[in-house]
Structures are given as C-alpha cells and as structure tokens.
Amino acid sequence: MRKRDLPSLFLYTFGFFLLWEWLRPIEQLTETDNIEMFIFFLLLSFAISFFHMKWPWQLIIKLVFILYSVNRLYYQEGFFQFRWLKAFITDGADNIVLLAGRHWNDLSNEFRTLLFFILLWLMVYLIHYWLLNRQRIFIFFLMTLIYISVLDTFTPYSAKAAIVRTIIAGFAVMGMLTFYRMTRKEKVNCDSSFLRRWMVPLAGMIVFSVLVGIAAPKAAPIWPDPVPFFTANNNKEGAEGNKAGPHKIGYGTDDTALGGPFIGDDSPVFAYEANGKNYWKMETKDTYTGKGWLASGSTLISYREEEFVPVTSYPETVETIKESARVIVHGKYKYNYIMYPAGIKMISAMEPSDPDGNRFVVDANNERISFFNNDQNPVVPRAFTAVYEIPKYKAADLKQTASFDSEKSVKDHFFYMQYTQLPDQLPDRVKVLAEEITAGKTSWFEKAKAVEGYFGKSDYTYDQKNVAVPDTNDDYVDQFLFETKHGYCDNFSSSMVVMLRSLGIPTRWVKGFTGGDFQEYSQDDTSKRYYQVTNNNAHSWVEVYFPNQGWVPFEPTKGFTNGAIINYQTDAVPASTNPQSTPPPVKKPQHVEKDVLKTPEDAKKSFDVKNILNKAKLTLKNNWKLIFLVLVLLTGITATLYRIRGKWVPYCVLLLYRFKKKDENIGAAYLILLNQFERYGINRKENQTLRNYARYIDTFYSTRDMTRLTAYYEQYMYHQSLPKGTWKESRELWENLIKKTIT
Amino acid sequence: MSREQMNPTIEKILVNIEKVMIGKRDVAELSLVALLAGGHVLLEDVPGVGKTMMVRALAKSVNANFRRIQFTPDLLPSDVTGISIYNPKEMEFQFRPGPLMGNIILADEINRTSPKTQSALLEGMEEASVTIDGVTHKLNKPFFVMATQNPIEYEGTYPLPEAQIDRFLLKMKMGYPDLNEEIEVLNRAQRVPPIEDLNPVIDLEGLLSLQNEIKEVYVDATIKRYIVDIVNRTRGHGSVYLGASPRGSISLMKAAQAYAYMYGRDYVLPDDIQYLAPFVLSHRIILKSEAKFEGISAEEVVNRVVTRVPVPVQRLVK
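Line order of the protein sequences matches chains G and R. Numbering of the first sequence is given in our numbering, commencing with residue 5 and proceeding in unit increments. Numbering of the second sequence is given in our numbering, commencing with residue 984 and proceeding in unit increments.
It is worth saying that the hints were derived from the structure and are not from the lab. Among these hints, one or two may not hold up.
Straight-line alpha carbon distances no greater than 25 Å define the calculated SDA-like cross-link-like pairs of lysine to any residue that follow [stated by the list, open to error]: (1) G/Lys191 x R/Leu1225; (2) G/Lys743 x R/Leu1225; (3) G/Lys191 x R/Val1200; (4) G/Lys732 x R/Arg1298; (5) R/Lys1207 x G/Leu199; (6) G/Lys689 x R/Gln1297; (7) G/Lys415 x G/Ser271; (8) G/Lys445 x G/Ser271; (9) G/Lys728 x R/Leu1225; (10) G/Lys222 x G/Thr182; (11) G/Lys453 x G/Leu430.
A few chain R residues facing chain G, derived, Cβ under 7 Å [what the hints assert, rightly or not]: (12) Gly1022; (13) Ser1222; (14) Leu1252; (15) Asp1254; (16) Val1294; (17) Val1296.
Beta carbons are placed, not taken as given, at the ideal position from N, Cα and C, and that holds for glycine.
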C-alpha cells in the first residue's frame, strides 16, 4: 500500500490529527510558545512522508526548516547571515556537555527546541511506520486517550473537544487500517465499490458513536475534581493568589489582577433564613488600575452591637421595606468581615459573643464591617442576625439627576474624584463606546440603564473558562469589551463601572455573594425560607451614586438579576405590602440560557437557529431523565423484539410476499429464507453451494421443497433469467419452508 | 453431485464408453469435458488401468480418427508431426503426416521422451497447427490429446516444464477399479474385446457443433468473480510457491461451461466450479519445497482454497 492515493492521504491526515492532540495542551500547560512552528513542522513531515520523497531530500528539507525555525525564534540576524549558525553550533556543543553531565535544567532554549523538533521527527516516522508498515495504531491511540484524560483530570486543560477529536481520528484510522490489513492478509482485490462498502458504514458508525457519545448523559465523576486542590495548593487559596490564571471560584480580597478562568466550587460559605433572596455585600472598591481593583484608603469607624450600622447607602426619603435575616456562617469561612445586605441597619445576636466587648469596626471607605470581641484582632463571625431595609426607588426620582456639581464643597470634589477615577492609560475607545451606548440619554439613570442593558447583547457571553488575562499592555475592561467578549461577573461589573465613570457618573465596584440556593422552608416560621450560599455564588456588581437617592445597585452581568426595586410609574403608588414579592429572585449562573431567551431583543429573532438550539438544549437538560428512561425502555423493547425475531419476522414476510406477483421476487424471498434458517440454527457454511445446502435442508426436514426452490433460485441467480410464471410454485415452496422455521 | 438430467447425446456417449469401461464414469465425464471444451487431458497413472481403452472408446463414440504415440527417449519430433520425403518419381518432397494429424491422440508416457519431441507435441496442442520445413500444416478439428504420465518412475524421464504442463486443461488420476468392478473386468476379458462392436453416437461435425454450443453457456458475473477469487487465492497461499495464471481462470471457466452443458444446463453453477477446480488448477501451481516435504499435495491445496472462498449467493448490487 505504498501509494499516493486518497486513502493514504486520509490516513496521514488522521495520523497528523492524533499527533496534534499531543501538542495542543503543551502551549497551555507549559511555557512553550510559538507552538504553530511545531505544528507546521508536523504538517511538513507528514506531507514529505506522503509524497515518498527520497531520504536525502527529506533530510535537507526538515533540517532547513528546523534551522530556520531556530533562527526565527532565537536569533535577530537573518537566516542567510551564517554567523548565528556558528553561535547555534557552539551552543549545541555546550549543551551536549550539559546533557552528558545530566544538568537538565541548564539546557538552553535553542537546544531544547532542537531536541523537541527531533522528537517530533521521530514521532512522525513512527506514525508513518505504524500506518503503512505495521498497519496498526491502537497502542498509540490508547496512549493519546490516556494522555488527554490524565491532563484533563489533573491539570486545568479541558479535553472536552480534544477527546471527541481524538475518538474521531482514532476510530477512522483504526477502521481503515483494519480494512487494509484484512485485504492484504486475504489477498482480496479491492476495487472502489468494495472500498466504499467498507468506508461508508465506517464513517456512519463513527458519526453515530460520536453523536451518541456527545448526547448521552455522563455519569458524574466518582471523585471530586482534583484540579482545584492542586491549584489551591499552588496558589495558596484560590482567588487570593494574585497571579492571574486559573482560580478556584470563591470570595477573595485581592482584586489587583483580574482575569483568567474559574473552576467551580460548591463548598458552602454561609446560610441564611429570610423572607426572600437578596445579594450580600462584603466590600466595595473604588480605584481601578487597568488590571483590577484597589481600595484607595480606609476610614475606620467603631460602634457597638446595639447601635445602628453607620453605613447608609440611601437617604431617608427613599421608601423601604423592613427585613431581617438570621445568618449562619460555615465553619470554613475565614474572613474577618461580615456579609450584609444593602440597606443594613443593625447586626445583632453575634456569635461568638462577649457581652462586654462586642464591637464592630466599619471601614467607611470600602464598607467592610469587621467584628471584635474583647480582643485587638477581629473575630471571624459564626452567626448573626441582620436587620435591614430594602429601598424602593422611584424611577422619576432617579431620573432627576443629570449632573453633579462637584465644586460645591471640597468634600464633594474629593468624593466625585474618588468615584470617577480612571487610569490614564485607559484606551479612548471605552469612552467612545460608552458615549455611543448612552447617546440620546440625558439622566444618569437612563445612561446607567443603557450601559447595563448593553451587555445583554448576544455578542457578550457569560463564560467561566475562556476568560483572558490581560497582558502587560492590555486594559482589563478594554480587552473584554472589544476583544474577548467572554467573561464572568468581574468582567461585566468592572466594564460597567469604567464606562459610567468615563461619562462622569460616580460609580463603585461591589463584591459579595448572590442570594444562593433555596433549600427549604423554615421550620419555625413557614413564611421564611432557608438559603445556602456557596463559593459558586461569589459575585461582583455595580453601585451608581445618585445625589438624591444614594447608591443604587445595578447588575450588568449576563444571566444575573438583582437590581434595585424601581417603581417606573410617575405617580407615587403606595408600596406593595406583600413581603414575598420584595427582592426579585436571584438566578444562578447555570440558568444563563433561560435568561438570555427572555430578553426582548432575542425574542424578536425567535427563529434564530441559535435559539432553537438553545431551546433544544434546555429541553434536553430539563427532561434528560425522562428522555433517558424512554431511551432505555425503547432499547429494551428493541432488544427483546430482536431476540425473538425468529418468532414474528416469518409472519411479517409471509404476509408481505403473499400479494406479490413478479417472478423476480424469489431473489429477495430466498435470501430471507436463508436468514430465517440461519436464525433457526441450520446455517449455510460460506463455502457451501446452494444446491448442497438445499440437500442438507431437505434431509433435515425430509422434504424436497428446498431443492426445488433452489433450482429456481439458481436460474434466477446464475442465469439471470427465470421461466415465466414460476413465482406461484416457488411461493408455495417458499411458504412451506418458512412455516417450518416457525414451528 | 446430484444426478441431474444429462444432455441426451452426452449421456449416450457415456453409456457407450461404459460398455467397455467398468466404473470410472467420473474419468470418462472429465475426459469428455476436456474434449467438449477443446482442451487436453493429462492422465497421471500407472500402466494397465485402462487408459487406452477409454480413449479408444471415446474416439469410437464420436467417430474420430484415433492415433497413438508411444513416447520413447529416441522418438524424434518428426515421428510425431510427420516428415517430408523426397519422391524421386514426382521429383519433389511429399509430406507424410505423423500421428499428430489424427483427431484423438493418446500420447503415452509423455515424460519419457526428450524435451524437443515433447515441445513438438505441445506446440501442436497449443497452436492447432505444426510447421514442417517452413510449411504450416493445420491440425484436424476437433483435436484432442490425452497424455499419460507415469508417476512412479523417475529414472530416465523428462518431467514436463511448468510452462508446458499449463497447456493441459485437466489433470486427473484414473485409479484402480474396486473389487467388484475388477471381477467384472475379468469376466469381460474372457470374451472378445467389445471395443470393436462400439457404434459411433455422433460424427465429428456433431462434435464440433456441440463445442460451439458450449461456448454459449452463460457464465454470470458472480461466477466469474468466484473463479477469479479462487485462482487469486492460490497465488497467496502459504504452501504455494507459484500460483495459477490467468490461463488457469480461463481454463476453469471453459471446463465449467462444458460441464454445465453436459448436465443439460445453459448456465454455470458454483457447484461446477467447486467440482472442477482441483482438476483444472492443481497442475498449475508449484508448491514450496517445505510443503512437499510435509506431504501436502497440490490437490489438497486447491481444495483448501476452495473451502475458504465464499460462494456467491446474492446478485451483485449495481
């Protein structure tokens, strides 16, 4: 099979894909860059191999490519100024000495690259050998699978697509190789129709098995994902490590370098009992650095337990609903700050408690609340009751503000500067975009709503995995808004803050938790519900300052809803007294699709393929148990029917052929009869002629029917013609025989 | 094989032969197949089992000119083909036809003569003509050679080269008659040899038209594929040094046509192929020496090959 035909091209292509899978994770998991050089080298080597070039040419082309790559990657000089070559050779010689001394870590990058190229060269040769000479690739395929799954399990590399690609390429290669191995062994002449009869079912089976593999529900892992454990060990504690890169989700205090993928973590943080869900604040931040957030300073205010919390986020004129919640903090919580809902009035019944020494310290600058016993150091809270008031804004009031006179007082000036701060290197296009979005809007409220709504546009995607880390020259917000468009709450909220600030609207960035998951109704008071908040609920959002209304929360993150209660009617309608309806329910990020579907913009394009796909996905997700059950049931029925097919298939075919008239029907009918005998257990050996077999059948049943029927079939089959009107007789013979197989 | 309704003419010929030959119907049938297919037969057997008798009976039945050549080491090609002799009266060379100018020829112990003489015979078999002193003489039609070869004597023999043994359509063994048959042979031997009393069934014209009809016997594409599959497999078999040639495929098809015709069919069945394959193919393959030492015979190899090729039972999907 040393031909340059299409099948070998396919073999080489799939071989290339398999080897490529080995290279893909390298860029993500190691410090190797410019991986495309290596991939191109693979392509080149496979192409050379495919065209059966003479080995001196192979050697020259590959060597030149390797040298050229090394030159491009490591040397400033042009390829044809051969001075660099001298340096490279000297370097190689030095490295060989290092190799001999087993100083692996001291090897130079040039030399490593060279070694890696040689390794790839060897691999390409091996694959070529496996494909064409041995015609076996199973071991390599298995190794690839193991490699990918190990990486997927123990590193942040996600092999979701890789496993599918590998399966497709691997199955295809193995299927084709089996075919060629068999034809070679059996000396069968394979013409194109023969080839097609193998390849088409092969392709069909691959597609089918891949689709089933993708669609089938997958069992949850039997052990917890070890990646967060590893990364947590490496990064100390998840998000607190300030290295951008994969984090474990959760609350952290260091936000100086945002970005990078998140890995879910459903370990509980706290639980609370309240009338409804609401967001829980931890702190706010005011200074945007271009990469993340800082708190500009701190103003500590101390107060005692029975006093009101000296934090006000809205003036007294705003209508409110009184609420209270009992919070129980999980044992693993280790921060010294208290989580609280916006509009907090009082924190009481603290645990651990020290009646004499209980006191709180609020940092007025970032609104962190810490709790102290009789000690100098803050105490981690374990349980407390929060009394708070949920503000009910009126849109009319909010719309009043269109500007802010920061020159009224020094305090105002500083306040305004603090919350409209932006880094100097912020690209101008952020502001341009903000102005575009808010064109035609005058009031701050309308502008904020416009920016908040802007993220609902479908080209922004909520994503925890494919989230970029800004490079040294990139701005975190700018990168998200214009380049990546994939991100989670930090991206959305930071972007909104920065855009509003660019318009001169004082805004701050708020961190905390969403309302968590409903667990059960409270046992003491059935009107109250019990919610659990986990690390997955860690969140960030936006508060905009309105001089007459205070800090009003906004929720730009796609798929989340919080927002303040805002009454859009112009007349002041008495507040609804139903406490249940107060805080709008907070959705989990998992239901992103549902929320996306509800936005009016998408509703217009409801015939969008994407929507239909999403709907299908959603139905699948919601009803998968039912679907699975039905599938199992169907499979069971099919299997049973198949097992007892010998009992019912004959009746079907008898009925089917009773009304046929043509003599040629014997062709199909006879084959059915052969199948039926086979099911019955008296099958024909492959090398047995029909005549011989017919005699055997006739001896078995003590008839002569089969011989007579076979005589007709022989004429049909080997003479391609039949005497007219034979079907009547052959049908009778055939029916007799079929009936014999039933009894 | 089930005893089908045979072609009546052929049935008569076989009955005629059976009058003088006891048992050996299969050999008679196969010889007739070769004759009808326009091929030749190589009989490999010891002397005295009735080879001559059978050929003579066959020749008599079709009213053919029977000649016999006893091959000896000193036989010259001209002894086979004929020779031009100077006639002083007419003042010119006159051609005296040799025994090859008959219709049915028994070439006895063909491996005893020199290769030169062998090739004279074999050339005649292949070309249906001989060239003597630059003049081409057409051989008679039909022309049928039944050559015999003694398998037990190797001393002073010239085994036929592989390229020439290929020219025989069928190779078979006669074998000894069984006990009862041999007693019957003795009974008949007491009387006058009955061969003289045989009446021809058809004449040569009739035989030629039979041969033409046989060419019309239908061979389905599946059957052709089956033939080629079998022949192909002999080429890759582990014990085979050299497999059968495409001439083998052609021979198998022609023999099968004749055989099908003999059984009154105008189409070929896989059964025909299976039955004939060992006779047609076994002398066309060369076994490896290892296989020979292990005592594997060419017939066994062909039979094994046949059992490995699936019989076509479905029409080709177009």
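In ascending order, which of the hints set out earlier in this document are inconsistent with the structure?
Failing hints, ascending: 2, 3, 7, 8, 9, 10, 12, 13.
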